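Asks: So you can see what is in the structure, the chains are spelled out below.
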Amino acid sequence: MIKDPSARIAYKQAWGDYFLFRIESPSVAGGAKPGQFLMVRVSDRVDPLLRRPMSIHARDSNSLEIFFQIVGQGTSLLAQKKEGDELDILGPLGKGFDWDAAINGKFVYLVGGGRGIAPLYFLAQELRTAGARVKVLYGGKSLPDLPLKKKFEKAGLDIACSTNDGTFGFRGFVTALLQKDINKQSPAALFVCGPDPMMKKTGEIAAREKIPAQFSLESMMGCGFGACWGCVKRIRTGDNGTWRKICEDGPVFSGDEIIWEKEG
Amino acid sequence: MVDLSVDLGFLKLRNPVLAASGTFGYGLEFEPFLDLNAIGGIVVKGLYFGPREGNPPPRLVETPSGLINAIGLQGVGVEQFAKETLPRLRKYQTAIFVNVCGASDEEYVKVIDYLNDQKGVSAFELNISCPNVKKNGFCPALDPRSTLSLVKLAKQASRLPIIAKLSPNVTDIVEIAKAAEEGGADGISLINTILAMAVDIETQRPKLANIFGGLSGPAIKPIALRMVYQVASAVKIPVIGMGGIMTGADALEFLIVGAKAVEVGTANFVDPASTLRIVREIEGFCRTKGHDNIADLIGTLKL
Chain A
1 MIKDPSARIA YKQAWGDYFL FRIESPSVAG GAKPGQFLMV RVSDRVDPLL
51 RRPMSIHARD SNSLEIFFQI VGQGTSLLAQ KKEGDELDIL GPLGKGFDWD
101 AAINGKFVYL VGGGRGIAPL YFLAQELRTA GARVKVLYGG KSLPDLPLKK
151 KFEKAGLDIA CSTNDGTFGF RGFVTALLQK DINKQSPAAL FVCGPDPMMK
201 KTGEIAAREK IPAQFSLESM MGCGFGACWG CVKRIRTGDN GTWRKICEDG
251 PVFSGDEIIW EKEG
Chain B
1 MVDLSVDLGF LKLRNPVLAA SGTFGYGLEF EPFLDLNAIG GIVVKGLYFG
51 PREGNPPPRL VETPSGLINA IGLQGVGVEQ FAKETLPRLR KYQTAIFVNV
101 CGASDEEYVK VIDYLNDQKG VSAFELNISC PNVKKNGFCP ALDPRSTLSL
151 VKLAKQASRL PIIAKLSPNV TDIVEIAKAA EEGGADGISL INTILAMAVD
201 IETQRPKLAN IFGGLSGPAI KPIALRMVYQ VASAVKIPVI GMGGIMTGAD
251 ALEFLIVGAK AVEVGTANFV DPASTLRIVR EIEGFCRTKG HDNIADLIGT
301 LKL
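Each protein sequence line maps, in turn, to chains A and B. Anchor point for the first sequence: position 105 equals 105 in the working numbering, and the numbering is continuous, going up by one each time. Anchor point for the second sequence: position 264 equals 264 in the working numbering, and the numbering is continuous, going up by one each time.
Hints may contain errors.
[Stated by the list, open to error] Under the rule of at most 25 Å between Cα atoms (straight-line distance), these lysine-lysine pairs were calculated in the DSS-like manner:
hint : chain 1 : residue 1 : chain 2 : residue 2
1    : A       : Lys3      : A       : Lys95
2    : A       : Lys180    : A       : Lys95
3    : A       : Lys200    : A       : Lys12
4    : A       : Lys200    : B       : Lys207
5    : A       : Lys262    : B       : Lys152
6    : A       : Lys135    : A       : Lys33
In case anyone wonders, no lab produced these hints; they're calculated from the structure. Keep in mind the model is a prediction, meaning the values are calculated, not measured.
Turn these sequences into a full structure, and let the hints steer you where they fit.
Replies: Laid out in structure tokens, this is it:
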């Protein structure tokens, strides 16, 4: 975990509310693993005060990519940055996705909803290198919410899409697409990131179908490295649950440890 | 060479910058970011006797230039702290203050009793001012009588100096500070967070599960400074100032109004090396202004 106050935005791409930055930072990029994240300073002023957590979308030895959506003041300021601008980043943070050598030759699904697709590109690459047969399911409200579809295709990854309004791919939630695909071929593992209701539903499917599943959780964070205890989630320990930190103990947890909240 | 050391009477610090409780974990979390020996001290996260669960999320909400938290003092308890953390903190020369919590008078004493015998603790900061553990932000530091009696009790139990950490959520901060002094406190630290709330207009629900939380960050600095000035002018024991300090300049304001040292809190989340940066900024200011000794600046407000 390194603070690089002068990482440089080498490339920026925008699709409506969605943005991708490639950030040059050899010191942070080096050891990053799929599922880990960065804390990004969006302004050098005190308002907004806190850094914003961003999944690592891709990396090479010199640089990292983040993919984000404007959801408020912080991400809006971040989106205004330009190629060549310096960015103060902290990372890589948290524990990433986990798999062992037995994944070689196995069939796995990566399920992403909306901006939750962010960590799954990096993961797909690494899982493929580990010999897994990767299929990506990418869901959004509408076609403009699937800006990364082409990127996955270009990387030669098997990808199927869903839109709630039917403007592209399967019509309906990505969880319904998942259920349909599982009925055809059950995967050895699921790796999931998306909105809470989508992850909860995926968790239910995984539990019912007895498929090991890992979820990358999203939370507002104070610090990102375990000092503030602000980003907790109820995690099972034995019969009970305790508040565990998403930033330090996660952000990736396995489906059987997560106690999903009731909605509303 | 600027002499940054300050004397709290009961303890000499290498410089006046401490990390504030609740924002610096148990200290070790910050090893990757700075040399812990280079700061004046660390006030570790509040400890109850046993582990504590804390409040349900959402626990944080960001507000203009500020942060409202309602963590509820989730933590490991004294035993785990003494066994796992303290041995690793001992290798540092930095002063370690333990922020002492209790759900009852007895629990404060139990925590102090346990830690009295542990090597490596320089002082206790008595947390009588957390707004997030009782209904409506209630805490002992809201009342001069309970402040006095709790400080007295802690002082009797303790072999180490006691610093009473005060709440800003009172009508007259000086009255509370004097009560802490009368109770035998060796020092006073202030301010804890300001009781606050935020509402989601879409759902019409509070943004924090706890409804209320404590506001910190630059938004509260002017209030903190005013209170530190009032208290430092009214008591004889040393005062440690805090509230929204982000820079060396912020810290210097507190020293000029009479704080002997400062604690840096929320800034640690934004820039984990804030404490060290602030030490350097204070040093830079002294060098530029020709002050050989930071102590010469303390309490020099000109009226």
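Asks: Holds or violated: lysine 180 of chain A with lysine 95 of chain A, Cα cutoff 25 Å?
Replies: 31 Å, violated
Asks: Starting from lysine 200 of chain A, check that the Cα of lysine 12 of chain A is at most 25 Å away, please.
Replies: 32 Å, violated
Asks: Need the status of pair lysine 200 of chain A, lysine 207 of chain B: alpha-carbon distance at most 25 Å?
Replies: 22 Å, holds
Asks: Assess, step by step, whether the Cα of lysine 262 of chain A is no farther than 25 Å from the Cα of lysine 152 of chain B, and give holds or violated.
Replies: Since the Cα atoms of lysine 262 of chain A and lysine 152 of chain B sit roughly 46 Å apart, the hinted pair is violated (cutoff 25 Å).
Asks: Between the alpha carbons of lysine 3 of chain A and lysine 95 of chain A, is the straight-line distance 25 Å or under?
Replies: 17 Å, holds
Asks: Does lysine 33 of chain A sit within 25 Å of lysine 135 of chain A, going by the straight-line distance between their CA atoms?
Replies: This hinted pair holds, its Cα atoms lying about 19 Å apart.
Of the numbered hints given earlier, the model fails hints 2, 3, 5; all others are met.
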